[in-house]
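**Q** These are the residues of each chain, in order.
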Amino acid sequence: MISDFRQALRLLVKNPGFSALVVAVLALGIGANTAIFSIVDGVLLKPLPFADARRLVAIDTTVRNEPDDTAYLDFLDWRSQATTIDRMAAYSTAAVTLTGRGEAASIPTAVVTADLFPLLGVRPIQGRVLTPADDARGATRTAVISETLWAQRFSRDPSMVGRPAVVDGDPIVIVGVMPARFEFPFDAENPPQIWMPIMASRFSAQWAGQRGASFLKAIGHLRSGAQLPSVQAEMSAVAARVNAANPQEGRSARGVLIRPFQDMLVRSYRLALVVLLCAVSAVLLIACANIANLLLARGTVRRREIAVRTALGASRGQIVRQLMSESLVLAAVGGVGGTLLAWWGVDALVRVSPLQIPRLHTVHIDRSVLAFTVLATMVTGVLCGMVPAIQLSRANPGDALKDGDRGGSGACGGRTRQVLVVAEVALSLVLLVSAGLLLRSFVQLQRVSPGFVTERAVTMQILLPQTRYPNQAAFIRFYRRLQAGVRALPGVTASAVSTTLPMTGSDIGMGFRVEGRPVDPNVRTSAAFFGVSPDYFRTMGIPIVEGRGFTERDDERAPGVIVINETMAARTWPGENPIGKAVIVSYNDTPPRTIVGIVADVKQGGLTDRRQPQMYTPFVQAPWPFLATVVRTTAAPQSAAGSLRQALARLDPEQAAGEIRTLDEYVARSMATPRFTAILIGAFAGLALLLAGFGLYGVMAYSVAQRRREIGIRMALGAREADVRSLVAGQALRMGAAGVTIGLAGALLVTRILDSLLFGVTAGDPATFAGVSAVLMTVLIVAAYLPARRATRLDPIVALRAD
Amino acid sequence: MAENGQALIKLDGVTKVFFTDEVETHALSGIHLLINKGEYVSIAGPSGCGKSTLLSILGLLDSPTEGQYHLNNRPVAELAASERARVRNREIGFIFQSFNLIGDLTVFENVELPLTYRGMKAAERRQRVEAALERVGMAHRAKHLPSQLSGGQQQRVAVARAVAGEPLILLADEPTGNLDSRSGEAVMDLLRELHQSGATICMVTHDPRYARHADRSIHVFDGRVVEEQTEMAVTE
Amino acid sequence: MLISLRNVEKSYPIGVGRVYVLRRVNLDIREGEFVSIMGPSGAGKSTVLHILGMHDSAWSGEYYFMDQPVHRLNPKQRSELHKKHIGFVFQSYHLLDNLTVYENLEIPLSYRNVSRKDRQSMVADILDRFQIVGKKDLYPNQLSGGQQQLVGVARAVIANPQVILADEPTGNLHTAQGKEIMELFRSLNDSGATIIQVTHSEVNASYGTRIIQLRDGWVVDEEAQPAVGSRAGDH
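Chains as they are written, first to last, in this note's numbering: chain L, 1 to 803; chain C, 1001 to 1236; chain S, 2001 to 2235.
Here chain L stands alone, though its shape is the one from the complex (with noise of 0.2 Å):
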């Protein structure tokens, strides 16, 4: 065994260029697999760092069957009476001001109950974690902090546990500290620094007493040995229970879904995830059937040495184990190299994969990623070894060995050579179909309008703390100042305030009925709601289509008036005209609002929005406690964001200011994950069209070298260059195109997958069908060339001597 693998390591020595060729595509495609398989373990495969991780359930309110957030009461209700989950822990996020040490930040919190901490089984570096007691209406404001908050700004002091800090302008005492690997809920961007009750929250704890008000949600911890479906069963039960002992307005499309905590929490990146695999795995396997061929090509060469070697006494079994030796040698360098490769390239990937992606900064190459390479590498060595070594070892010595019919029928292999092209020809296609889909979709997304003007726009939020701003009359005076504040900037052509912003990732839905039509339980009728300022439309550059918009004379004093979306014109008065219709807004039980304008619709949470209703009112008329601003400017965004931060601190040295942002950035940001598909398993899908025409090639070139004699024969009876490029050509044609064939074939299969992916264009498309198709052939084609003409160069004499 051990001089089989010497015996190996010295024919690759004594063959640098094919050596170092296998090497490096091996290399390229286990780094590959490599790389995408540390994301995905990382972010879909290892439990999360909590214990008992595999019995942790998401629990979801579903309105309508859709997921949807969970009222405080009802979630009491279900802890008192499940049986199946033995603990249940409710949290939401949101940011507070912390003031007190150094300039006001807007800090990214958690609002949790204390069921959280011993259900994930977390425990503080410094102090303890939250308790019952703390959730307790009226007991002392608690928050636990984060290790990174602690070092920041606390100096790691360890005194300060115990002592109060000001939240949001509360004294909360802070009584523990929790590790920095400690992250829940999940958001690389805004990772959360604060736990605190929510009860400790002017906000939540407003909103816990109402059974109405969504905002949490909850995560349970299984009782040992209940299965998820018994569990939903019982869970179900309960929330009908809740329904029935609550009888209230639309409460019967409620229901509850229990699904697996991880799954819930990867839900929308897993698909592609797996798609990448797949396509990067697809790639390993076109190399596989490339090096393959290679060494089919290689062993007919050998036919003789093989013989000898049977001749000498070697079973089948020694040679297939020699010839297996050679190819497992070629992955071995192949995988270490490949490891290598994916140590570098695991950070480059990590840069361009979307943020939002849970746990992917934790991604690294450890050791499951490592077990994984070994086992790639094996299965490659293995895959590449196998049919060249059952070929050639099934060739009977006698042929070979007899004197004067040397290499006389040397077309060992030769079908199976034309087998692994045709397969690798359809393997890239259905990855280059896929590719073509995704970039399509890509490009079309690229080509959505967002419903606003992007350019030159820079977003600041900001959150206003309840102690010092109390009421509505409060956040309309900040409101006003804010305005007057950011106007005045050097540079600032237009600005605005609203509510929320699109894209930046939140929204209010707000219901609403019109006036004078009855109510139909069933259906929901509830559209985005923004409180805007007069010139929020002329600012984002959303087209007013009908109607008018907010002018300064839409105050708090004035009647009460609303613009909606075109959208929401067409589902709620098809056919009619709204403008002049009144619609009441469940907003502190305001009275009926006039519609004053139709304005075009927004995409709100990303491009690939569907059309959704959109209702806009004055500020003044609906005041929030949190608003942006938005501003066009002729400075640069980092300038322009030291000055709306500098404006703000003007207006409130105490207020924090939270994400200062472009519209572009958050544009972009929602396109991360496309993006981030489109380019990699466009890489993935040029790499198998490289390996696919570099092994048409490979397969042609040895073809022409085998058919010399036949080519020979030909010229010598008369055959022009023509003749001879055509007759090579056509043999590369013809497999080509049983490669494209049955890869459109498996393109329509596989691509059906894909569809949630997709965007714009559907998974059969014809014109990316074709269209690939003409790329691969193209591609082909020039592989094909360079043995066709090699072919017409050949000399028939020597063509005839060498037989």
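Hints in this document: simulated from the structure, not taken from any laboratory.
From the structure, some residues in chain S lie toward chain C, with a derived Cβ separation under 10 Å: (1) Tyr2012; (2) Pro2013; (3) Gly2042; (4) Ala2043; (5) Arg2215; (6) Asp2216; (7) Gly2217.
Ranges of calculated distance between the beta carbons of each label pair, as one might list FRET restraints: (8) L/Phe18 to S/Lys2076: 33 to 39 Å; (9) L/Ala774 to C/Gly1103: 33 to 39 Å; (10) S/Gln2120 to L/Arg10: 17 to 23 Å; (11) L/Val782 to S/Ser2041: 43 to 49 Å; (12) L/Val782 to S/Asn2074: 49 to 55 Å; (13) L/Val782 to C/Gly1119: 27 to 33 Å.
In silico EDC-like pairs for lysine to aspartate or glutamate, Cα to Cα no more than 20 Å straight-line: (14) L/Lys14 to S/Asp2097; (15) C/Lys1010 to C/Glu1228; (16) L/Lys46 to L/Asp366; (17) S/Lys2117 to L/Asp4.
Every residue gets a Cβ at the ideal spot worked out from N, C-alpha and C, and that includes glycine.
Once you've looked at the hints, dock chains C and S against the given chain L.
**A** Coordinates of chains C and S only, in the frame set by chain L:
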């Protein structure tokens, strides 16, 4: 078209030198040769004497390093590659030791091949191929693949292929070399029949029994013509 | 009897019929004989040798090797028998180009589960016997034809087979080198090995004790003395 007795092939001082690893090998040195229309000439000599090289030059598969080669009164030295292909196709018929049929093509297609390269019409091709196969007694095997035939049968097909295009001369390189004695005799009989019906034949062989079939025997040794024996009373 | 062939035939299907390479070959070879198989090309000489060497298994008839019915053995048993008792010498040497002389000699032993230590001493021994110690680290392409065939013979005998089969062992050699190889065969035969060679050359045949003539697959003549036959092939 040359009349019987007219010079079909004329070599003047043909020399072929191979250069390998700074060593010059003289495969042929100053060969003079005249083959008349209607003649049956055999070239004999030990292996490595240059007889195969000579045949390759005659067949325009190779070019001499020095000297003149006139085929049918035309110097072939200046012909372009495509023109040489045309000459091989129309004026020369090859018969090889190892038959050199193309394994993927049927008997019919093999014989048809040189005609295809002429751009001949399908109907005429069919007629010619059938006539040629009839002549060698292989018409009933037209649809078989070479691998389904014995060596002797394969060589008959190769002869049919060589004559189907009605070339000026047949060049045969050890046509019996890969055959058992009975099949060898049969192929030699076939060649004699062709000769009797007017074909010009030039055959390389090392078997003295077969060399005797020819009108004239040329012995080559170390790249030179050392001896000419005339079976019949035809002298230069 | 060391080797007995009874009605051994070999044929290929061709179209509807068959073409015969060997017809009803009967052959008996005693231990210690030095037999030459002769005949024109295509007569089936090499085929007989490869059947005797058990490289070829597509034939019919009976073959007894040391009283074992080879025709009834499965491939594994044949391979065992062949490994134990037969060494093969080829016309074109068939040394493995990527291995040194030493490694070439080691191959048959490595396929025979000889321990590493024993292998070393056996290779060292044969290198001495054939006086090629100085060549042991060279590759085949660094040797002359005669030296390569010397290694070829050494490789055939290293595992101490009773029977040596040689397919035109001097076919690619100069006369002087050929003579050396034939002398070697004679001395191997003197020390007890049974030798069967295929040859075109009466000179080589004269080293042997018996000649078997083949023509078109038939055994046509057995002579105890070398005699003038047709000299086919061009040397």
